[in-house]
Amino acid sequence: MDLSFSPEEEAFRAEVREWVASALPPHLAEKAAVDAHFSMDEVMEWHKVLAAKGWIAPHWPEAVGGPGWSVTQRFIFTEELETAGTPQLSPFGLSMVGPLLIQFGTAAQKERYLPKILSGEEVWCQGYSEPGSGSDLASLRTEAKDEGDHFLVNGQKTWTTYAQYADWIFCLVRTNSTVKQQAGISFLLIDMKTEGVTVKPMLTSGHTPAFCDTFFDNVKVPKENVVGKIDQGWTMAKALLGHERTLIAAVGQCGRAIQRVKRIAQNETLDGKPLLEDPLFRAKIARLEIQLEAHRMANLRTLAGAQLGHAPGPESSILKLRGSEILQQALELQMEAMGQNALSWFNEPGVVPPDEEWVASVFNYTRATTIYGGSNEIQKNIIAKLILGLPQPGKA
Amino acid sequence: MDLSLTEDQKMIRETAATFVKKESPVERSRKLRDTDLGHDAAVYRQMGELGWLGLPLPEHVGGFGGSMVDAAILLEEFGKTLVPEPYLASVVLGGMAVAHGASTAQQQELLGPMVEGDSVLALGWAERGSRYDASAIEARAEKRGDAWSITGEKVWVLGGHAADHLVVSAKTGAGVSLFHVAAGAKGLDVTTVKTMDGRKAATLRLEGAEGALLGDEGAAGPVLDHVLDKAAAAACAEGVGVANAVLWMTVEYLKTRKQFGVPIGIFQALQHRAVDMFVQTELLKGTSILANAKCESTDPVERAQAVSAAKAQLSTGGFFVVAQGTQLHGGVGVTDEHDISLYFKRMRALMALFGDEEHHVARYMTLPSFTEGI
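As they're listed, the protein sequences go chains A and B. The opening residue of the first sequence carries number 1361 in my numbering; numbering runs sequentially from there. The opening residue of the second sequence carries number 200 in my numbering; numbering runs sequentially from there.
I should point out that these hints are in silico values taken from the structure, not numbers from a laboratory. One thing to keep in mind: the hints can contain errors.
Examples of chain A residues toward chain B, derived with CB under 7 Å [as the list claims (entries may be wrong)]:
1. 1428
2. 1432
3. 1643
4. 1743
Listed below are the simulated DSSO-like cross-link pairs for lysine-lysine, each with C-alpha atoms no more than 27 Å apart in a straight line [what the hints assert, rightly or not]:
5. B:454 with A:1745
6. A:1408 with A:1505
7. B:457 with A:1745
A virtual CB, placed ideally from N, CA and C, is assigned to each residue, including glycine.
With the sequences and hints as input, model every part of the structure.
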């Protein structure tokens, strides 16, 4: 057992840090400094910088464009990017459908889709949830009717984040309604430019564009766009979840958010002294940071398992639980540190210090972290069933 | 970075796991709590024969030259069945105080027999008014020829009632120093006290008791800091074992206890509580690994950061596990008859030792690392 990073790993960290500092375009660095919202154009601009460097898909095998890093290098890389506050890449291609295609796609599908995910030429979004199917995803009703050489898709997907910018959507659709719910679902790739696809964006509570409703009205989709076999979509969805879980710990993001709490508290005043020197408030920060230390170790332990050739299993649900909760608590403390400045909402510069300008927006949107990617309650159901082996309703 | 166990460490874990399962089930601990000694001297000697007592101690005293990471593997297993032998007291407190604070000759004299299982060591560092500050002591030592005369009182001396050799701290003109006092020394009174978790400790009253200075006069401050960090890390490792035992005992109960015609583990409120217990156990395990690895560091900041994080986690997460485990057991959870009450008590005792949550959060937030780079 050796808990320190090797000199090579430390050198790698320095290399990444240095490169990020020089490669992040100045207008993005300016926004990163205050954690402002990045537009999709800006996200894709950063995507292309990383792609040019060959660092866009650390978790992909080398044969399909990954850099061939160890798990520890991947951890360091992610932590460095998050700590620097670079734009968060759109995960739908890189971390969801990409790895799924690598695992289950046909040679033709890999060749068609993977290079454009890497280059950023094509943007993806996710069509899972429906108005009536959130946590109970298997009840989904968007239908793909077999029309011989193609499917005809009808229905509505919701929370299709960034659908307004997407070229492609991967969807779970019902292809068989005469069998058990999970057994009649297929995983389908749909070109957003197809006739009959309509997107209606909506604002998040943080007043940023992200969410959308996406409607399908007699949309023709070629049969070759199924990933895996027809009616095997639920298996695909579960495999995709496994890939998604490797990236959800948000350790660097949490660390950055706590640093911002400290910085705000350093500049806010209580009884003529920096708020950061108030033992009550300082202890709140310390307790949260200790939680983050514990979370970071949990993440490293999961990675160590992965390094030895294990796929991240249900225990990585812990990472989703803790990462999302700690991030929310950090934003709660940022708001608390601001006092009445927490009231500020998209004002002209100067109303509140630059460090505080975006806090209220991020604080609001961060409530989504315990909901998306399988709500935290669903994560707990997963752990209860798969790790603790507790009895399931209906099977007692 | 490599978090996997070495082949040697895997073997230690297997041997210890077999030992606690076959030779030291929790019933043994339950029986021993009514005895004067509180543990079994033969089992302690067996630990010496197995090489466990010398595991984290240097080779020149007959130890294995291992680290606290190795000792933590044992302690975690001990926690699973509440093994009562004074490992923490003799090896981590008394042993490490000698290893860090005494001359090579003194180390050989005191640690040599201990690692064989032939003697028990204990460390008296706390006093009635010191709380967790090892430097806030009243005990005094004066030089009398070659020896020292020590006067003062030491409380909650773990293993002190069973110890053959005591290490005590006392102030001299040069500051806090460590002294070796033999168990039968004139002027030393050892009173056995009972602890909440069914174990024993001692109050030491020294009235001109004769002792030998260990190491350099006035040099004990950093030594005690280091030893108490190791002891805190050791407490966390044992706490991981306690938490694990309680978690799985509770999960088993949820699967078998029936109410409303179904196993109660089917209810989501209880499932999610059990999951929260699992999460806290895993988080404690991670911080404990970190603390036991970093407590070997000679950099006090790096050490304090990891140890205080873990010890705080023991008090919050570790206590959550035993408290909720008790809750989910219902009425039987608060009977003396059910094992979970023994685990509950041990966890609470571990929390009280070597700094509670308040102490460690306060220390964590005053480290220079806390405000670095903001």
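Verification of the hints:
With 7 Å as the threshold, the beta carbon of residue 1428 of chain A stays out of range of chain B, its nearest partner Cβ sitting at about 18 Å, so the hint is violated. Taken as an interface hint, residue 1432 of chain A checks out: its beta carbon lies about 5 Å from the nearest beta carbon of chain B, inside 7 Å. The closest approach between the C-beta of residue 1643 of chain A and any C-beta of chain B is roughly 5 Å, which is under the 7 Å cut-off, so the hint is satisfied. The interface hint given for residue 1743 of chain A is met, as the beta carbon of that residue sits about 5 Å from the closest beta carbon of chain B, less than 7 Å.
Pair hint residue 454 of chain B plus residue 1745 of chain A holds up; C-alpha atoms about 12 Å apart against a cutoff of 27 Å. Between residue 1408 of chain A and residue 1505 of chain A the alpha-carbon distance is near 37 Å, which puts this suggested pair outside the 27 Å criterion. Restraint check for residue 457 of chain B and residue 1745 of chain A: satisfied, since their Cα atoms lie roughly 18 Å apart, inside the 27 Å limit.
Hints 1 and 6 from the earlier list are contradicted by this structure; the remaining hints agree with it.
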